[in-house]
Amino acid sequence: MKFSTKSRYALRLVADLAIHRTDGVLRLKDVANRQNITEKYAEQIISMLKHGGLVQAKRGTQGGYTLTKPAAEITIGEILRLTEGDLAPVPCLENGGDGCDFSEHCTTLSMWKKLYSAISSVVDHMSVQDMIQESGKDRETLALDSAML
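In this text, residue positions in the sequence shown follow my numbering: the first is 1, and each later residue adds one.
These aren't lab readings, by the way, just hints derived from the structure by calculation.
Every residue gets a Cβ at the ideal spot worked out from N, C-alpha and C, and that includes glycine.
It is possible that part of the hints are untrue.
Here are the simulated lysine-lysine pairs, DSS-like style, with alpha carbons at most 30 Å apart [as the list claims (entries may be wrong)]:
(1) Lys6 x Lys113
(2) Lys2 x Lys69
(3) Lys137 x Lys6
Restraint-style ranges between C-beta atoms, simulated for each label pair [stated by the list, open to error]:
(4) Glu94 x Lys69: 24 to 30 Å
(5) Thr38 x Met1: 21 to 27 Å
(6) Arg59 x Ser110: 47 to 53 Å
(7) Ser110 x Met48: 31 to 37 Å
(8) Lys40 x Glu104: 46 to 52 Å
(9) Glu104 x Gln133: 42 to 48 Å
Model the full structure from these sequences, guided by the hints.
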């Protein structure tokens, strides 16, 4: 399974909003620059995140974006499903997994179900905060990395 650039960038944008949350409302231009994403592409992704209820926008000269809830309450699965749709590795497991016409004879179905369960277990039990902490890229580390450039 390969995740799209949109999903990978969405994870980075949400992580950036979480890391810089104490700055208040963040301009998309600044977030996109920090993440090396074009502002136009970041706008498309942030729109998906906003529509999915993970990000809110504030209009005006002091406008920008913030997360709607703490990073510890946003799962990686939420973000990936907003950008990718169903994460099932095969079509017969999508949208509740009603199977297909061949499912009762399929020798591979149990393996696909286990893979889907493993993927879901990871992404649905890992929060954005967990991801940031495991990366070691907290705000202080990011400041040091930027100073070294």
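Hints, one by one, checked against the model:
For the hint pairing Lys6 with Lys113, the CA-to-CA distance comes to about 25 Å; that is within 30 Å, so the pair holds. For the hint linking Lys2 to Lys69, the alpha-carbon distance of about 28 Å falls within 30 Å, and the restraint holds. For the hint linking Lys137 to Lys6, the alpha-carbon distance of about 21 Å falls within 30 Å, and the restraint holds. Restraint check, Glu94 to Lys69: a C-beta distance of roughly 27 Å satisfies the suggested window 24 to 30 Å.
Remark: the range hint 21 to 27 Å for Thr38 to Met1 is upheld by a beta-carbon distance near 26 Å. Under the hint 47 to 53 Å, the C-beta atoms of Arg59 and Ser110, about 51 Å apart, fit the expected range. At roughly 33 Å, the beta carbons of Ser110 and Met48 sit within the given window of 31 to 37 Å. The supplied range of 46 to 52 Å is met by Lys40 and Glu104, whose beta-carbon atoms lie about 48 Å from each other.
Against the hinted window of 42 to 48 Å, the Cβ-Cβ separation of Glu104 and Gln133 comes to about 44 Å, which satisfies the hint.
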